[in-house]
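Chemist: Protein chains in written order, with full-length UniProt numbering: chain A, 1 to 403; chain B, 1 to 403; chain C, 1 to 403; chain D, 1 to 403.
Fair warning: there could be bad hints in the mix.
Copies of the same chain are indistinguishable here, so a pair counts whether it falls within one copy or spans any two.
As a list, the in silico EDC-like pairs of lysine to aspartate or glutamate whose alpha-carbon atoms are at most 16 Å apart [to be verified]:
| hint | residue 1 | residue 2 |
| --- | --- | --- |
| 1 | 395 | 272 |
| 2 | 400 | 115 |
| 3 | 71 | 361 |
| 4 | 246 | 323 |
| 5 | 9 | 217 |
| 6 | 400 | 285 |
| 7 | 246 | 272 |
| 8 | 226 | 134 |
| 9 | 392 | 272 |
| 10 | 9 | 268 |
| 11 | 400 | 282 |
| 12 | 9 | 63 |
| 13 | 246 | 103 |
| 14 | 226 | 348 |
Since the hints were derived computationally from the structure, they do not count as laboratory data.
The structure displayed is predicted, hence computed values, not measured ones.
There are 4 protein chains.
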Amino acid sequence: MIASFASPKLQALYEPVQQFLHDHIYPNELRWLQTPFHEVEREIRALRPQAQATGAWNAALSEAEGGPGLKLTEFAQLSELLGTSPFGHLAFNCQAPDAGNIELLLQYGSTDIRERYLEPLLAGDIRSCFAMTEPAYAGSNPVRLGTTAVRAGDEYVINGHKWFTTAADGASFTIIMAVTNPEAESPYARASMILAPTDLPGFELVRNIPIMGHAGEGWHSHAEVKFNNLRVPISNLLGREGEGFKLAQERLGPGRIHHCMRWIGICERSFDMMCRRAATRELSEGRMLGEKQMVQSWIAESRAQIDASRYMVLHTALKMQEEGQRAASTEISTIKFFVADVMQRVVDRALQVHGALGITDDTILSFFYREERGARIYDGPDEVHKASLARKILKQYGLKARR
Amino acid sequence: MIASFASPKLQALYEPVQQFLHDHIYPNELRWLQTPFHEVEREIRALRPQAQATGAWNAALSEAEGGPGLKLTEFAQLSELLGTSPFGHLAFNCQAPDAGNIELLLQYGSTDIRERYLEPLLAGDIRSCFAMTEPAYAGSNPVRLGTTAVRAGDEYVINGHKWFTTAADGASFTIIMAVTNPEAESPYARASMILAPTDLPGFELVRNIPIMGHAGEGWHSHAEVKFNNLRVPISNLLGREGEGFKLAQERLGPGRIHHCMRWIGICERSFDMMCRRAATRELSEGRMLGEKQMVQSWIAESRAQIDASRYMVLHTALKMQEEGQRAASTEISTIKFFVADVMQRVVDRALQVHGALGITDDTILSFFYREERGARIYDGPDEVHKASLARKILKQYGLKARR
Amino acid sequence: MIASFASPKLQALYEPVQQFLHDHIYPNELRWLQTPFHEVEREIRALRPQAQATGAWNAALSEAEGGPGLKLTEFAQLSELLGTSPFGHLAFNCQAPDAGNIELLLQYGSTDIRERYLEPLLAGDIRSCFAMTEPAYAGSNPVRLGTTAVRAGDEYVINGHKWFTTAADGASFTIIMAVTNPEAESPYARASMILAPTDLPGFELVRNIPIMGHAGEGWHSHAEVKFNNLRVPISNLLGREGEGFKLAQERLGPGRIHHCMRWIGICERSFDMMCRRAATRELSEGRMLGEKQMVQSWIAESRAQIDASRYMVLHTALKMQEEGQRAASTEISTIKFFVADVMQRVVDRALQVHGALGITDDTILSFFYREERGARIYDGPDEVHKASLARKILKQYGLKARR
Amino acid sequence: MIASFASPKLQALYEPVQQFLHDHIYPNELRWLQTPFHEVEREIRALRPQAQATGAWNAALSEAEGGPGLKLTEFAQLSELLGTSPFGHLAFNCQAPDAGNIELLLQYGSTDIRERYLEPLLAGDIRSCFAMTEPAYAGSNPVRLGTTAVRAGDEYVINGHKWFTTAADGASFTIIMAVTNPEAESPYARASMILAPTDLPGFELVRNIPIMGHAGEGWHSHAEVKFNNLRVPISNLLGREGEGFKLAQERLGPGRIHHCMRWIGICERSFDMMCRRAATRELSEGRMLGEKQMVQSWIAESRAQIDASRYMVLHTALKMQEEGQRAASTEISTIKFFVADVMQRVVDRALQVHGALGITDDTILSFFYREERGARIYDGPDEVHKASLARKILKQYGLKARR
């Protein structure tokens, strides 16, 4: 924790959560990565009492909503800690995409929806997913959508083709981004968010997309899904028609903070492993790996880059918290590509320091290496964020740059 | 092909091999990567007549040995072509580690060994492996070995623990690097190479090491193995006692060329995919991905780096061919780290240009990304090669640099 | 200014100083760089009333000492602003090396020394220098010193050879680091700081060292100096004998903050010029330079890196301020190499965006490019700081790494 | 020399030239850099007999033209050698821009022009310049030109504003790129090359542009020039009207080879100095700089990158030589940005290894550092070459990328 960002509330939670991770998560994570997810889920659910005992259950929520009531800057630091393991957030019921969906339902769900979907979600009894990206359109331009929701009486009839619908496998419901108002002038006013249970006949889970050698399963998967005349009541609309992007935007800012801090957690875990290896691996009689200057430079550069990342993300969170998400929009673009790049470098160096061991599954590093490669792509590739940030800056210099 | 490195003999083989890859390998490779290896092996063996018809079967061997009789510079360019698919070399029976073992048996195998092991290897009927690296010692310092072979009458009794024994699973025999002369003054004169069948009781395949999420199987695996009082006749010694490193050294130079050219093949394949994607992916109405200057810079830099790599490797091969392996020793160090670095960059860029598709298994790129991360580690990490090269250079300036 | 680091006191000074720079410094700096320094000095001294009117004269000092009484975190942000021009600090009498010398004299100068040297220094009427680095020893190992000060009655007799004695040309006195206690066990307890006027016969200014094409002159120079039986009263000793490194250390921490913030000022100036150019340079009919994605990526990456640098430096300053310099020692190492690297990248990109204009002296960029290359070397090369940081970290993992 | 690119003719010249550089150039170059150019010129002209005795005078020319008759691949390697000093090419009368002008006059000059201008140029008695770049238009788009040449009777009347006219100061004539056919459909057919003596009243040398702190002088300068109703006979036209770009293109290919090889010479010189320093600089008792792994990695990476550069350039030269300039057009784009980047890295590393000494003018490195920064800008910035190369490649994939 950074002194100026610490708080008594956060400090009270931090140590118990750290202890929980050491006791229940780190010792199991390599095994869990090779175990069918429904078994992992059962084991993790069995740990719920201990997780709840730390006070950090539903860590992102206010006290009224059943969480610890952390400010964004506080939750951010907890998110870093949870991010040190692939299963950290899951154990505390604040994993993507459920955490974001919870926010949406809290704010926009009807009483009925809240009872039927939000309650069990908050209890960790069901999971959900979020269907946005489509294979036919570049993810870098989110307003191009082929999925449509057409009103027919009291129902929406939804048709479309999505992919990278994270955790769809086993989810109880999905929130779908679909075009409801194709005639709206602004492309940002054409889509809406609609909740749909996954057990309806029109919901087709085509496949879990094999990624980096694994199709994955359950929460740990990214699905291709199709909606074939999927019919849901119009009361499943979240917010109003045409507000899809507005809601997505609201979901985006804090989500970006969560993600970036999770990545920093991955960095710190990798950094710790790199140092431990460097300090203990003997190269030849009495010469340790950590005495090599190239290894030292990696350690020093990683330390600097991780610290820089954390400062940037926490200050972005602080600005969002104090001045609102809109005021922090350039910062929100910046942290995405900055931290994703740092993560890839740090993980790569840690892996290299481990030599042949690094590419095996005997450590968590090879998982980070392949699994988190997506960080530079998901949620808009880095290049799009860089270009977008530069255009915002250049606009202040009078340039009307085209996309 | 580079004009100045082309030759009629190479040109006669090149096009048929290219055709073979297009007809039989590329269309199957993604499926094969998700198929049990023994089935893949059956399919690939069934393609043997067509492979042989190209004239490139046993591509690294002389005509006397049943190959096409290519010079090193010629084979190098064929190796690049075969390297464009993970299954290219296998289809032509010139895959590692068998190709290197064939060289050893050709040169050092007794008549008996050649009949029993070399013949079926040349025919592609069996596979083999090579047991060198040990988990207990840093791979960067190959003379530190714990495996011993002690003479007991007409036999060697071998004990030891190896890992990263590529393709041990299903191999008929292994060549083992073991200490036979612990008392030799030079650490380079203590070890020997000994052939051992894998069906002896003292040979224990502990596991196929899970690497980047996959334990692999058959040829496509890296095993941890133990030798528990493994007994083989002393006639299984290759060369003389204490010559293990000398033989390894001989095996190394051409092997390095093969590997680097295979990596360049991976680069060219990735580059081609990157360009194809850039030229055809629409970002928005009429704007193509390839019009973006960042993508253009990746394409240009990749082109330059791949070409630079090829020139360096071919000139290294030329020097080995004309002046001997010893004369080319600094070049052999150089190409390892230079080309491995280029490959990682090119594959990473190609993947990024593919966006979310790039991390899926719907293209070969994610396989290259994770599978070839080992290139910077196998065979001595890059850092060791850089330091070693620098020490050789600085010696000419009068510096006696310690390791 | 970063909201969480702003303060009413700083805000009150900031705008007037900014105005002063726009009115009096920026319009003159290119001309001053090509004008003999004594004329520049005269012009800048003539601006003293206006500079004092801003309230920021002697900006680093407490109110008791005649400065504005800024906290370190506040002064740091002012230092960034002043750093946007090579003449900013000079105009406010807080330039290196005088600012550091003022600190030393304030704390360790006798009444006599304070009257004779400190008073005119605070008034901006004289300049001073600091003689530490020696050509015969690597700057990366500061305890190796050849300069000696031997007591002879009431005097020290000083002999030695220094270089990179910044601003010695025209300085009224120098502070010399010299070995007084060669027999001390710890190499850190052998040297002392001694003040010497430069008009004594034993003080020889050998030359202003030509650097990047210019020998420089006056404040803007780095001298080679020799002490030939230079005799000064023993009362010119600062602190006690053997405390030289202790004093240097105290001088180092805040000095590092000043430097790094000055570098960030250089970054912001370069960034501003890069954006202005990108927004206004036409490539062809209606196509502006800033629409090019490579330029956009440089702008975005620069923005991110500059912001990251500022957060790191300000948090380091905050830690020093609240927990003391010792507590912040790893941070002090980190910011040096991190910010120096960012500065070189940002200046290089800004220069490149200016095309041929960038290498001319028609903008300040070519000056930054060549003049600030030293940042990665002065004060210990980056590599030394990285290795030192890594050793501190690895010590926590149990490694006793040798230098 | 690379064995496969050596030749008896080249070898016969190489050693004497190397000896000449060691005897007459290296010992003087630092002094010359601080001496008025007309004095340097006098000294260098005095060395002409010794230079001619090597057989390499007018090194780029055929035997018929009074040169040694080297092939492009041979001259390239000589150019590398000459490039190790800023004065190497000048001593052998093959310096830019004269070498290119000689080519133009040889091919397109009338008998009269050849007598009046070419003869003394070949003898090294006069110098010339080439006026192309204009401050008002981005150099990256050479067809945008404001300079015009209008026929008036037997004369062209030339008006325009150029800058970066290298070596105009003291040149006897210039070749001017000017628009003669503004109505031509293709922008590539609008300009012509016209020779103009510099002693005519309409030729105004506005200033030598201060670059990296120096306005320079004589051959070592870049001028801003204006043509104010400059009148020259129409027989001063080189080639035909509208052929300006065709001629420039012809001049470009070999010129690029010369430049890139000169840069490689700079790399080799810097590399040699880096190694010498690393091998001899003591850090502490018995610990040498070259034992540090970071320095070793710089040496290794530099070795690899320089070798890669040389192979690429020589193969490009070979292709031009055997298949013509047009066939090698992508290679010619590639080497520009690849080698310029390598040069900047190698010089930067060599400088860093020299510590504080590196930024002084006591070695040649600081000159290379600042003087050669232009390499990434002159002749089209790297980004333009990268984009252009990528567009050529993508065209083969069916993309019609706009500029």
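Chemist: Tell me, please, which holds for residue 400 and residue 285 at an alpha-carbon limit of 16 Å: within, between, both or neither?
Modeler: between (63 Å within a copy, 15 Å between copies)
Chemist: Since the copies are identical, ignore which copy is meant and state whether residue 226 and residue 348 lie within 16 Å (CA to CA) inside a copy, between copies, both or neither.
Modeler: Neither: 36 Å inside a chain and 30 Å across chains, both beyond 16 Å.
Chemist: Between residue 400 and residue 115, at a C-alpha cutoff of 16 Å, which is it: within one copy, between copies, both, or neither?
Modeler: neither (48 Å within a copy, 55 Å between copies)
Chemist: What label fits residue 392 with residue 272 when the C-alpha limit is 16 Å: within, between, both, or neither?
Modeler: between (37 Å within a copy, 14 Å between copies)
Chemist: 16 Å Cα cut-off: does residue 395 pair with residue 272 within a copy, between copies, both or neither?
Modeler: Cα proximity of residue 395 and residue 272: across copies only (13 Å, versus 42 Å in one copy).
Chemist: Pop the pair residue 9 and residue 268 into one bin, within, between, both or neither, using alpha-carbon distances up to 16 Å.
Modeler: neither (22 Å within a copy, 37 Å between copies)
Chemist: How would you classify residue 400 and residue 282 at a CA-CA limit of 16 Å: within, between, both, or neither?
Modeler: between (58 Å within a copy, 13 Å between copies)
Chemist: Using 16 Å as the alpha carbon limit, work out where residue 246 and residue 103 are close: within a copy, between copies, both or neither.
Modeler: Within one copy only: 14 Å inside a chain, 55 Å across chains, cut-off 16 Å.
Chemist: With identical chains treated as interchangeable, where does the CA-CA distance between residue 226 and residue 134 reach 16 Å or less: within a copy, between copies, both, or neither?
Modeler: within (10 Å within a copy, 50 Å between copies)
Chemist: With identical chains, the pair residue 71 and residue 361 could be close in the same copy or across copies; at 16 Å between alpha carbons, which is it: within, between, both, or neither?
Modeler: neither (37 Å within a copy, 40 Å between copies)
Chemist: If the cutoff is 16 Å on CA atoms, where do residue 246 and residue 272 land: within, between, both or neither? Let me know, please.
Modeler: Intra 40 Å, inter 32 Å, cutoff 16 Å: neither.
Chemist: At 16 Å max between alpha carbons, let me know whether residue 9 reaches residue 63 within a copy, between copies, both or neither.
Modeler: within (12 Å within a copy, 38 Å between copies)
Comparing the model with each numbered hint stated earlier shows that hints 2, 3, 4, 5, 7, 10, 14 do not hold.
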